[in-house]
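Sequences listed follow chains F, V, W and L, in order. Under the working numbering, the first residue of the first sequence is numbered 1, with each subsequent residue one higher. Under the working numbering, the first residue of the second sequence is numbered 1001, with each subsequent residue one higher. Under the working numbering, the first residue of the third sequence is numbered 2001, with each subsequent residue one higher. Under the working numbering, the first residue of the fourth sequence is numbered 3001, with each subsequent residue one higher.
No wet-lab data here; the hints were simulated from the structure. One or more of the hints may lead you astray.
Derived DSS-like pairs: lysine-lysine, alpha-carbon spacing no greater than 27 Å straight-line [to be verified]: (1) Lys2376(W) with Lys3092(L); (2) Lys3158(L) with Lys2372(W); (3) Lys3158(L) with Lys2158(W); (4) Lys2158(W) with Lys372(F); (5) Lys372(F) with Lys2058(W); (6) Lys3158(L) with Lys2092(W); (7) Lys3067(L) with Lys67(F); (8) Lys3372(L) with Lys2317(W); (9) Lys3067(L) with Lys80(F); (10) Lys1058(V) with Lys2158(W).
Okay, the calculated bits of chain V under chain W, using three or more residues with CB under 8 Å as the criterion [as the list claims (entries may be wrong)]: (11) 1071-1080; (12) 1142-1151.
Here the structure is a predicted model, which means the values were calculated and not measured. Glycine is no exception: its CB is placed at the ideal position from the N, C-alpha and C atoms.
Take a look at the letters that make up each chain.
There are 4 protein chains.
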Amino acid sequence: MLRFLTAGESHGRALIGIIEGLPSNVNIDTDYINRDLYRRKNVFGRSERMKMEEDRVKILSGIRDGKTTGAPIAIMIENKDYRPELFSNSEKIYNPRPGHADLVGLLKYNLDDIRDVIERASARETAIRTAIGSIAKLFLNNFDIRVYSRVVNIGGIKDEDEFLIDEEYIKKVETSPVRCGNKEIEEKMMKLIIQASEEGDTLGGIFEVLVAGLPVGLGSYVHYDRRINSRIGAAILSIPGVKGVEFGKGFELSSIPGSSAVDEIGYSEEKGYFRRTNNMGGIEGGITNRENLVIRAVMKPIPTLRKSVQTVNVATKEKVLSRYERSDITGVPAASVIAESVVAWEIACEFLDKFSGDSFEDVENAYMNYIKRVSKY
Amino acid sequence: MLRFLTAGESHGRALIGIIEGLPSNVNIDTDYINRDLYRRKNVFGRSERMKMEEDRVKILSGIRDGKTTGAPIAIMIENKDYRPELFSNSEKIYNPRPGHADLVGLLKYNLDDIRDVIERASARETAIRTAIGSIAKLFLNNFDIRVYSRVVNIGGIKDEDEFLIDEEYIKKVETSPVRCGNKEIEEKMMKLIIQASEEGDTLGGIFEVLVAGLPVGLGSYVHYDRRINSRIGAAILSIPGVKGVEFGKGFELSSIPGSSAVDEIGYSEEKGYFRRTNNMGGIEGGITNRENLVIRAVMKPIPTLRKSVQTVNVATKEKVLSRYERSDITGVPAASVIAESVVAWEIACEFLDKFSGDSFEDVENAYMNYIKRVSKY
Amino acid sequence: MLRFLTAGESHGRALIGIIEGLPSNVNIDTDYINRDLYRRKNVFGRSERMKMEEDRVKILSGIRDGKTTGAPIAIMIENKDYRPELFSNSEKIYNPRPGHADLVGLLKYNLDDIRDVIERASARETAIRTAIGSIAKLFLNNFDIRVYSRVVNIGGIKDEDEFLIDEEYIKKVETSPVRCGNKEIEEKMMKLIIQASEEGDTLGGIFEVLVAGLPVGLGSYVHYDRRINSRIGAAILSIPGVKGVEFGKGFELSSIPGSSAVDEIGYSEEKGYFRRTNNMGGIEGGITNRENLVIRAVMKPIPTLRKSVQTVNVATKEKVLSRYERSDITGVPAASVIAESVVAWEIACEFLDKFSGDSFEDVENAYMNYIKRVSKY
Amino acid sequence: MLRFLTAGESHGRALIGIIEGLPSNVNIDTDYINRDLYRRKNVFGRSERMKMEEDRVKILSGIRDGKTTGAPIAIMIENKDYRPELFSNSEKIYNPRPGHADLVGLLKYNLDDIRDVIERASARETAIRTAIGSIAKLFLNNFDIRVYSRVVNIGGIKDEDEFLIDEEYIKKVETSPVRCGNKEIEEKMMKLIIQASEEGDTLGGIFEVLVAGLPVGLGSYVHYDRRINSRIGAAILSIPGVKGVEFGKGFELSSIPGSSAVDEIGYSEEKGYFRRTNNMGGIEGGITNRENLVIRAVMKPIPTLRKSVQTVNVATKEKVLSRYERSDITGVPAASVIAESVVAWEIACEFLDKFSGDSFEDVENAYMNYIKRVSKY
């Protein structure tokens, strides 16, 4: 069973993660992880801090000569913007920002300084989760399972193009500052971001994650908590700011009759069983069906605005304007990269539940044997 | 820690559930549970089977004189439509229905009779989950936490009214055959269902769950897997046919600037802290903020159609038309009741994580003390 | 991941268990399970109740045509001694028996009738756990993993013979009323039991569980909670009345120098790696080493005595003599059978963690491949 | 729910731990943790390495101004004996030491260098677990729950004195190089250790852990996996080298009749309910009964001997003598300190399951209220 814990504050010394349960003999390429950290960081609409942070992962244990040994893997991302002064006698913060954990955190944890909340509630934590998921991706790559993402909506500007899984399209997305595959739409999105920035406002949007190369059979209908959409949905919803998630045609299915929605089953010698359409986004009965897994999620506009927003000083109970902390204009492009990681992690978990083994070789055998079995069905 | 397991096949002897972790001295009213089972069953658009099933819960253990003792609670719903003949030498089923677990289940579990898949993959299982969640509701009622639901879209017919938490509106929903609070919309929905039925088609839709009376502080930002939206999202996505879930304004937030989306914080002597709007659906930073929890989910049209749908005979690999099994025209109204239960369960889990105790009295003390603490903040 | 829950009271309608996580296509022989229930029941020194109970398992779900389908398995053992009158207006019990959960249960769960405690705290619950573990044994039998047990001490009468894994010795144990392989010792044990019975006293003892046929590699040293001895130790200690557990030479190792204790490693073409002795009981570094797994555990004398024992009436706080409830003279022989089951369960869990798969065929492939890999090492 | 993960190799850069689930506002005294690390290290019979290691804990997150914030706590112990050269092109090790994970680890994880096994299987890992448990102790101290330990047997030299919980006796234990409370026995133990050292041999023994100040009601009989002895037993058995664990009179109970073993119940105005003896070691029905929790465990002699031990070279399959790695003569005194920590952790888990709360103040309220309730019973 794969599991991890993370720790670390936004302006603390470092973010730390421990991963337990990977088999031995998995190749781990640190550059690959750092590339994902870079992809998360280097998008349009982010704050100054991102320029400051280097975000390079340091591996502290569990890997020898570039391979896992079976032992827990500890990783660390040091914060360049480490501010020890904030953790001793800094001035207390009393004005909670609406839309953040500021006020609920104070009340829940019986604290008297919002600093204690925001250091951990900060989305900075997603850096270490990106790295953890990147390790999951490295594992899945061995089985040609690939996780992609793009942005399909920022502030209402929609990209309705199909998500093509070919080199050219992926390259467009990866070189787009807003991770959008359509040049025209991209420009509109960027304009809107600049405009929002000028107005002291922020923007939400929708991103899409697509997983190609999955085998049939991940997840299960036999018990409610084993459905793969549950697991992936939970992971996506754990990304700060995400307020909704859908699979395949998702909410559109409310308005499409069954006869148009259903993905008919076909069969051919070369491909085996397939679906003639993929409205269900690769999942039937809580189980992957070998079609591409398609997930879309909405991220709310970041609630930290330069525009004035009303709140209450918790010490005096007076109406005040919310303080402004350095913040992104939109988190959607970054969220799409983070989402790749959290999805990869859940798939790796399901994969290792199904094809368990203590060494990479054992896992590979179990996988190959299964693929052979189902392809003969 | 609260947990449960369920077992049982659609045409087996019975559905069974075991609940472990409820404190002692919780009053359990069997009629209340049966009422929820009736609410799930007795909606428009369901199949003939529902008329056949009585769906009354039988308590086998854990309750004495109407109260929990702390011991595990075993419950059972006997199937009136028990068909022992299906479990011995019945004819094998080879034509998988698209959109169901039929084919993926065969492949995953290495079976040769679709009967082995569909007996467990059937949505019949949601009856026992409704009962389990109904017990969670009974527990939450003691703290004036109430879970409501309604249908807001069937097949594209939308109800855009606000979800009012007053007796009159709730009564309208509860007496509506499609669980819609607006008479006019209700009629349109029913017409569409009848039309779909005549055409051999099916319909999806959207339902809404609202939880009132929650304390501030359920869920957490400190670790990714403790966000209450993750937990609730996973539960909702585990209802068969659900393809998306959103909180508060959900997917609409992609198109609303931060300055309009943010729920400003207010304070008054009587109410304490409150939000001036509730676009976030009662959750900030993965934590309840004392506003109503608002969840919406989309259910796909049921893929069992009388209209012809193409599939493949797994024995011969020939193209065939999908067989028709008795089925609902739409599952949306029933799903809204099931969703109440699964949401209630997750909230009871969070509640007991936060206000643990072996007896109801201990839990009540922890809760009251906390409410006093935060109200003085 | 394999898991189960149990429910049911001692004089309630039935004991119920749900098992989730077994692969499909495992043969389940109900007679085998019933035989284990009989072995648990039909030993010397037990109370009258055991003669009354039939203890036959009823399978409610998850099995079709004698095979698992992958769905949860619900099983039930009906109580012949069902006493519905105890669950309504029966007279309350106020005198806690020392050594039982009577008093601690009252206090913990804030109850006012000891009946509410003892119905669940009763060792009657081990009947359903025996059945659950028996299913685990059936699974393990496919891989020639066999779980045996015997009694080596009752009330101080020790059997110091070696535990031979041959048909003749096993037969001796299985036909012995106290599950002792040595006729002479058996007689002494039985005499002591009769004597204790006459004196209104009870006896403890030590039983041994031995697992033959295990592969190398179950359990792990990489994280503290994955050591197989931890897992098995916890299971054994969960049998009511067990106060200690040891592996291999166990407590004797406190007095043996390392040079005598160490199990030297040998190698031969036919056997591969082996140990020249088995002082460690088949475990090194928290991992099975292919030698027999040897576990011993002590069960305290049952604290329900006909002899007078002092306690306190919880209503009046007066000193009183403990009431006598029908009880066994010794639970050791029964406990050895229960222990087989709980050990088999934990091994099946570890086995399926390591050689996972959704169907029996997938598990078998993973196992065979691993055995081939390690045998070539 | 409290949880932790650890990572780190014996000669890697550092040992790392992440703790998740502690409430906010718990005072954390780093000196206290370091004192426990010192107590683990600074005992008689340990190897040279212990002199080299400083073992000071570094807190990386989760604590501000000496208090927990509710966020995960990351801690680190840097290895002075860090040897980066071992993790790149060092010479491979082919001769497995019997009694260690060397051979089973190679086979399980499909490795070809024993170095990959021993770096993680090393008991060095217990340093970080000691620190983690020390944090649990700090938490429990607030409720006057105290965890003590001593050594009662080394290599057969037994200390049969009672474990007195008074300042003087504890001081004797804490100043004894072998953690024995009896000067005469201590001397004999030390002589035996010196003798074993001269002979190239090693020694096992027995240690005892005692927890005073526990409330009634931790653990439960309602489900098998909630018995506190199971949980504590598993933790003790996870300490490398431990081969058995017992509670109260433990294995002696095999030979004592029920009438002598039973702990009669008494009651007095000042003390409430109490037991007249404590043969059961503070646990009835899997639940603490307010008497001292008494645990004893056996540790095998360390299998790394200077004396020659036979093994097999895994590359050549030749008989060889086991290589000698720097090692302790006996690990028993150190294990007793480690055991305090692992027991404290499990008790803190049970405590927080029962008296949950997000802040220390909430937990304290729940605890005080419960104590009041049961004291009035």
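Q. Checked against the structure, which of the hints given earlier come out wrong?
A. Of the numbered hints, 2, 4, 5, 6, 7, 10, 12 do not hold.
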